[in-house]
Structure formats: C-alpha cells, structure tokens
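Residue numbers (our numbering), protein chains in the order written: chain X, 1 to 244; chain F, 1 to 258; chain C, 1 to 328.
Derived by calculation from the structure, the hints in this document are not laboratory data. Some hints could be false.
[What the hints assert, rightly or not] Below, in silico cross-link-like pairs of lysine-lysine (BS3-like), each with a Cα-Cα straight-line distance of 30 angstroms or less:
1. Lys192(C) <-> Lys275(C)
2. Lys104(C) <-> Lys81(F)
3. Lys80(X) <-> Lys81(F)
4. Lys110(C) <-> Lys81(F)
[What the hints assert, rightly or not] A few chain F residues facing chain C, derived, Cβ under 10 angstroms:
5. Glu20
6. Leu27
7. Gln48
8. Leu49
9. Val54
10. Leu159
Just so you know, even glycine gets a beta-carbon here, dropped at the ideal spot from N, CA and C.
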Amino acid sequence: MHLIRLVDVHKAFNGLRVLDGLNLTVQQGEITVILGRSGTGKSVLLKHLIGLIRPDRGQVLLKGVDLARLPERELFSVRKRFGYLFQHGALLDSLTIGQNIAFPLQEHTSWPRSQIEEVVTTKLAQVSLPGVEHKMPSELSGGMQKRAALARALALDPEIMLFDEPTTGLDPITTTTIRQLIAETVRGLKLTAVVISHDIELALALADVIAFLHQGKILTQESPVSFQLSPLPEVQQFLKGEPD
Amino acid sequence: MMFARLLARLGDLFLGLLRELGEMAMLLVNCLLWLPRPPYRIRHFFGQLEFIGVRSLFIVALTGLFSGMVLALQAYYGFRKFGGESLLGGAVALSMTREIGPVLTSLMVTARAGSAMAAELGTMRVTEQVDALLAMAVHPVHYLALPRVLSGLIMVPLLTVVDVFIGILGGYFVGVMLLGINPGTYMQKMVEMVVASDLYNGLFKSMVFGLLLALISCHQGLKARGGAQGVGLVTTRAVVYSAVAILIVDYMLTALLF
Amino acid sequence: MKAKSTWGPEVKVGIFVLVALLLLAYMSLKVGRFATIGWRAGKTYYAPFASVSGLVLNGQVEVAGVEVGRIKDITLKDHQAQVELLLQPDLELRQDAQATIRTKGMLGEKFIELHPGTAAAAPLEAGGTITDTQSAVEFDEVLRRVPSVLKDIQPILSDVRAISQSLQRVIGTAEGEASLKEMLDNFQAASKSLSQIAKDLEQGRGTLGKLLKEDQLYRQVQGTMTELESAIANLNRFSTRLAQGQGTLGKLANDDRLYDQAQQAINRLNRVAQKIDHGEGTLGKLVNDQSLYDETQKAVKNVNQAMEGIKEQTPITVLGTIGATVLR
Ligand SMILES: Nc1ncnc2c1ncn2[C@@H]1O[C@H](COP(=O)(O)OP(=O)(O)OP(=O)(O)O)[C@@H](O)[C@H]1O
Ligand SMILES: [Mg+2]
Chain X
1 MHLIRLVDVH KAFNGLRVLD GLNLTVQQGE ITVILGRSGT GKSVLLKHLI GLIRPDRGQV
61 LLKGVDLARL PERELFSVRK RFGYLFQHGA LLDSLTIGQN IAFPLQEHTS WPRSQIEEVV
121 TTKLAQVSLP GVEHKMPSEL SGGMQKRAAL ARALALDPEI MLFDEPTTGL DPITTTTIRQ
181 LIAETVRGLK LTAVVISHDI ELALALADVI AFLHQGKILT QESPVSFQLS PLPEVQQFLK
241 GEPD
Chain F
1 MMFARLLARL GDLFLGLLRE LGEMAMLLVN CLLWLPRPPY RIRHFFGQLE FIGVRSLFIV
61 ALTGLFSGMV LALQAYYGFR KFGGESLLGG AVALSMTREI GPVLTSLMVT ARAGSAMAAE
121 LGTMRVTEQV DALLAMAVHP VHYLALPRVL SGLIMVPLLT VVDVFIGILG GYFVGVMLLG
181 INPGTYMQKM VEMVVASDLY NGLFKSMVFG LLLALISCHQ GLKARGGAQG VGLVTTRAVV
241 YSAVAILIVD YMLTALLF
Chain C
1 MKAKSTWGPE VKVGIFVLVA LLLLAYMSLK VGRFATIGWR AGKTYYAPFA SVSGLVLNGQ
61 VEVAGVEVGR IKDITLKDHQ AQVELLLQPD LELRQDAQAT IRTKGMLGEK FIELHPGTAA
121 AAPLEAGGTI TDTQSAVEFD EVLRRVPSVL KDIQPILSDV RAISQSLQRV IGTAEGEASL
181 KEMLDNFQAA SKSLSQIAKD LEQGRGTLGK LLKEDQLYRQ VQGTMTELES AIANLNRFST
241 RLAQGQGTLG KLANDDRLYD QAQQAINRLN RVAQKIDHGE GTLGKLVNDQ SLYDETQKAV
301 KNVNQAMEGI KEQTPITVLG TIGATVLR
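Can you make the complete structure from the sequences, with help from the hints?
In structure tokens, the structure reads:
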C-alpha cells in the first residue's frame, strides 16, 4: 500500500530545473533509500514530502491527500506525524541539546517534565551521545550535532521518518550504530522511513527499496539486490564511482 | 528610453514598498491570530522580555541622561534671549516626555535589539532552523516573531519611562547645578507645563514604535536568503527601515495626537 | 539542573517592570496635580463674565494670591460667558463677593481673583452666582483708547490758550479787583492740578512714546505736550504778573462777555483736571495707576529684549528649536 506517492513533480529555482517530472512511491512500513549524485535535488525532494517546498507542478500525495495544495494550517497537523532530520542538523542554537530534543515533546505532548527528561536521556544514549544535555549546539562537533538532531527527529517516535544523509561525516563505527538504530526503530515500531544517502553500503544494508534520482527524475526504484544488477549505465556508473 | 527605464525603476520601488508593507501587515495579523493560541511559552517569552527590556536598560539610561542634559543646555541658550530661563524645566520635561524620550529610546532599542533580532532570525532562516521549526509543526511566527513583537510592545514604553525620568534628572542637574536656575522655579514650571497626557501620549507613541521596530526586524530576519551576506543585508535593512519608519510614524502620530 | 548563581530572566524582568511602573506612577502623580485631590469634591459657584477671552478650563481661582479652586466649566449663557468655579469647601463667600479675571504678569495665563466679600453681607450658598464680576482689562484695549482721549483734550487746551492770550492782552486795567481775586484763586487751583498732570505725563511720556510706535499717535502726543507746555508757561507768566500787581484790568472789568467765557472755560478745565487727578477715565488711570505704569515699562523692556534677540538672528540649533516648538 502506498503511503506517499509523488506524481509528475516539477520544481525549478530561478530557471534551474531541479525536479523535472519526478514520480516516486513510498510503501508503508518500508525503508526507502534515495540515492543520487550531489546536487541532483535529493534534499529538495525530501522537503516536498512535508510541504516545506511546494512543487511548481504535480502532486505530492500522502494517503491520497495532495500536500501541494493543502492550506498551511492543515500542513501543520500533517507535519506532526513526521520526523525530519536536516542535512546539517538545524538544531536551534539558542537552546541546549537537551532542550532541543525536548522541544517537539514540549510542543506536542502534555507529558510531565520528568518523562520528557527521561526520553531526552534515552534518545541521546541511543545516538551514542550520553551526557551532553546541557551543552549548546555550537559546543559539539558537526557529527555530534547531526546525531543530536537525529535524536530530536526520533523523539516523538513519528509515523514517518525523513532522514537527509543521517550518516554523512560519521566514523565507520558510529555509522553502523546509527544504521542499526534506524533499522531497529523503523522495523520495531512498524514505521516508514525515507533516507537520503550517497553511501551505497548503507543503502544496501538498510533499504527495502532503493530509488535512484538522476536529472530530476527517479530513474529506477527497486530492491537493493536488483538495484545492484541494474542495467542502467547511470546506476552502474554511480555504483562503481566512475568519473564522467 | 532612459525615461521609461526611470519610470520602471520608480514603479518597482513603489511596488516593493507596497509588498513590504503588505507582508508586514500580514505578519502583524498572523501575530494577532497566534496570540491567543497555546502553547504559551512563558519562559521563552520572558527571555525575550529580558533581552529587549532589561539588557537595553543601560544604554537607554545613558542616552536619556545625556539627551536631557543637552536639551537643558540648548533650551537655556534659546530662552536666555527673552529672559525665559525659568521655563527651562518645563521645556526639558516636555521635550523628553513628548518627543525625545519615545524616539531616542526606540532608536536605541532598534540599534541594540532590533538588529540582533534580524540577525538571529536571519541566521536561523539560512541555517534551516526556521525550516526545522516548520518540520516540527511549530509556526515561526508563533515561536519567533510573536514573543519579540510583544516584548517590543511592552518593553519599549517601559524603557521610555526610564529614559524620560533620567533625562529629566539630567536636565535638572544641568539647569539647577550648572546653570544656576532656582530649583523651586525649575520644578514648579515643569509640573505646571507638563500634563499627564503629555506623558501618556509619549508612552503611546513608544508603544507603537516598539511594535514597529520588532515587527520590521522580525520580518526582515525571516526574509533572509543565502548565507552570512544575506543575514548582513537584512540586519542593515531592519535597522534602516525601523529608524525611518519610527521617524515617519512619529510625525504622523504627533500630528494626530497633539 | 545545576543551581544558577545569577537571577533568572523572570526575576530581572520582574524587577525592571516594577521599577519602571513605579517611576511612571511617580511622574503621573507629579504632573497629574493629584495633590489637590483633597478638595476635588468642593463647592460649585457660577460667575457670569462679559468676556472670558484667554481663560482656560482647569485654570486657577485665587483669593489674595492663594489657590482656592479651579475653573470647572465655561459655557455661553444669554450672550455672556458663564464660568463654573469649583472651590474648596471651607471657603466662605458672601453676597457681595467679587470675581475679577486677571493676568499673571504680562505674558502669563489668565486666572480668576476672588474677593470673598464683607462679613456684613449675607453668605452666598454653594451653587449661587457671583454677580459682581469684572472681565479682564485687555492691555491692547487700553492702548486703543489713548488717541481718542488725547483728541478730546486738545480742543480744551486750545481754548485755554486762547483765553490766556486774551487775558494777557487785557492785563493793565486797574478795575474789578474782587472778581479778579476770585478768578486768580480758581486759576491757581487749576494750574496746580495741571502742573501735577504735566509732571505725571512727563513721567509716562517715555514709555508711551516707545509703546506707541504709530507715527500719528506719536505726533499727537508730542503736539499735545507742546501745547500743554506753552499753556502752562502762559499761565505761569500771567499769574506772576498778577501776583506782582502789574498792569491794568479795566478792559476786563468792562467786558462781561469775556469774563463769563473765561470763567466757564476755567470751570470746565478744573473739572477735567480734577477728574484726571482722581484717576477717573482711561487717561486718569494712565496717569495715576503706578502698577499699570510699571507693567508697561516691564512689557516694553521685554518687547525690546525680544526685538534685540530677533535682530541678532543667531542660528538656533535643532534641539533648541525642538525645545521651543514644544512650548507652543
Ligand atoms: N532554495 C533554493 N533556491 C535556489 N536553488 C536551490 C534551493 N534549494 C536547492 N537549490 C538548488 O537545487 C539543486 C539541488 O539541491 P539539493 O540540496 O537538493 O541537492 P542534494 O541532492 O541534496 O545535494 P547534496 O547531496 O550535496 O546534499 C542545487 O543545484 C541547488 O543549487
Ligand atoms: Mg542535500
């Protein structure tokens, strides 16, 4: 069953056509990994899924509802069902790490403070960042910020998780930890995830479905095994890392 | 050809101005719409009150002191020409309550807090923190603009009270201690010439200015694009637009109120 | 959470707001004149005036220079200005109370001066009307009347001169000594009054001259003065000669018509002089009222200073201008 379906989505910035007739389906309960070269518009695509960017043309259907045409106010209630990890973390720099992770909980739950603090501690431990609650984001390294942001995205255990390059800039050991965390969370709670990555290994290990974005279109969308065997030259070039 | 281009430029400017005004009106309306809705982030709000109010206190007190003192000197120079030195206290107090207090306070708060607001929100915009708020289903107007606009509305008048009070003290110091005007006369003329509505109209003005400067600064900040350069641009704009708006609205309000 | 050594934002904001509100309350009390709240619930009286030009709501009401109330309302009633006064409750007014509109100094605001009345009269209950009122004497009104008064005096003075000249011609006859004696007495009285007037006028002349910039007016005053002076000189000469017993008065004794005319003129002159001396009429006030003279001199000085200030054309700085502007 499709949870999300993008139909013929077009998006251009100042004449630069980033998405050019893109089609994509995301199945409920699956992890979809989107691969593609840098600058092809993966981040732009992901922002379409929660209405941060609206398409110039085409539909972004969430359970049949077109987010592209949804009024701003209804978008807000839709967004509560998502967890979003930004490519650069985007932690609120006026709050401590602990406050950042507690932020969605304070906004959308009426949990008591002790419960929120407990969740913060647990999530930070899950992303291997114990005891940084009182640090400001600027006191952490880029990779640490990314993991704290991941903890924030997971805080509400959202139905649908959108991760923009969750493992970029992390060491191999932490990368594995994060990969396992995402896999466990999604499969354990029967959630849905869309993960953007350049990392082929991560994609192959994590994905149920791999979608390949090239020149504004999804060239192919298939299981990791068949993706590796894809006859498409663009895919093969990407997999082998051959220069143009 | 040249002329047509000039006209087009003028039209662009005018449309740009209209768009800015429209966007600001929308921001204000949005703030009002969000105002009654929970959650009420009290701590967060107090943080803004402190930032705009308490932390501007020193600079506002300083400008108040010196503006009162220089007013006394200048008014003395003028009044001496027709033997009206005794009116000095009233002149200083009137100028402070009606004009100098509200305007200078607002300009100082613009310089100190308005610029900071624009830079902070601008940075949040270009580092995707505003997008992050949206993604967490928190409206930036509700979380970022509303507490700042509200703080501006509340704190600028209160800062003006301090500014006016210290300005009058400064005027008293110069008038009585340095220029040797009789303290009784000075106070008497002041109390006689200033009426309560002078004070309250001045405070009303500064309330409007506080709202304006916070609104403009937030609007500019949220409009930032690009990177550090974009943030710099909107910060400059926030200060310039706020200062110009304060002076223009000051004229209009003075014409209407007094 | 670790204990914070400094105060949280809530406390700081709280202190700041409290201090600012206290300052606001203090300043409001100062300028709001709530100090007079003690008799805010006072007694109300009414007073009709022919003109209340310059009088403002909430203006002061004074008895002997002490503030006793405020002007609560000014309305128009039967083409007269009806002023409602709110007076402090312990002030007792009598039926013959007087209310006068006066000005504080030359440039000050208008206020109402009350004379509560004499103890002999019946008390005036609250809500009553003070009937004995006097509107402000406008300074420019006084000035406007001066030329017409001077014009009135001029023919009298020429009369006096004509008579004294005829008299001079007839001196030399030795008859009618008794009649002359009487006339002499009259003349002496008149000349004394006149010289008094002349002295007073001389004192006032500088001031008037400066004030009355109008050329015509100035010339009139000067003409009057010369005439007055020559008349007095004539009178002086005449009386000296009479006192020394010189000349003859025969013709005078024979000509009844001339004598009657002279007598009439002298009587008229005497009346005018007396009137002036007693301070009746505008000229009399001008001559006798020392306070008006002082006020005028002060005003002229102020005006002069202002003129000089304007002439200097010194550049006024921006803040000075603001200061002056808000004083409008
Ligand atoms: N707000 C924007 N305004 C203008 N152009 C934009 C905007 N956002 C993205 N772009 C352009 O769209 C293209 C795609 O950008 P995007 O960030 O989606 O790339 P990406 O696939 O995520 O690359 P990377 O893997 O490096 O993150 C880029 O050329 C970028 O310049
Ligand atoms: Mg990207």
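Hints and how they fare:
1. A distance of roughly 14 angstroms separates the Cα atoms of Lys192(C) and Lys275(C); the hinted pair therefore holds under the 30 angstroms criterion.
2. The suggested pairing of Lys104(C) with Lys81(F) holds, with an alpha-carbon distance near 21 angstroms, which does not exceed 30 angstroms.
3. Of the pairs offered as hints, the one joining Lys80(X) and Lys81(F) is violated, with about 72 angstroms between alpha carbons and a cut-off of 30 angstroms exceeded.
4. Proposed proximity of Lys110(C) and Lys81(F) is supported: the alpha carbons are some 24 angstroms apart, at most 30 angstroms.
5. A distance limit of 10 angstroms between C-beta atoms decides the matter here; for Glu20(F) the minimum to chain C is near 29 angstroms, and the interface restraint is violated.
6. Because the closest C-beta pair between Leu27(F) and chain C is about 24 angstroms apart, greater than 10 angstroms, the hint is violated.
7. For Gln48(F), the shortest C-beta to C-beta distance to chain C is roughly 9 angstroms, which falls under 10 angstroms, so the interface hint holds.
8. Taking 10 angstroms as the C-beta contact cut-off toward chain C, the hint placing Leu49(F) at the interface holds, the least distance being around 4 angstroms.
9. With a least beta-carbon distance of about 5 angstroms to chain C, the hint placing Val54(F) at the interface is held under the 10 angstroms criterion.
10. The interface hint given for Leu159(F) is met, as the beta carbon of that residue sits about 7 angstroms from the closest beta carbon of chain C, less than 10 angstroms.
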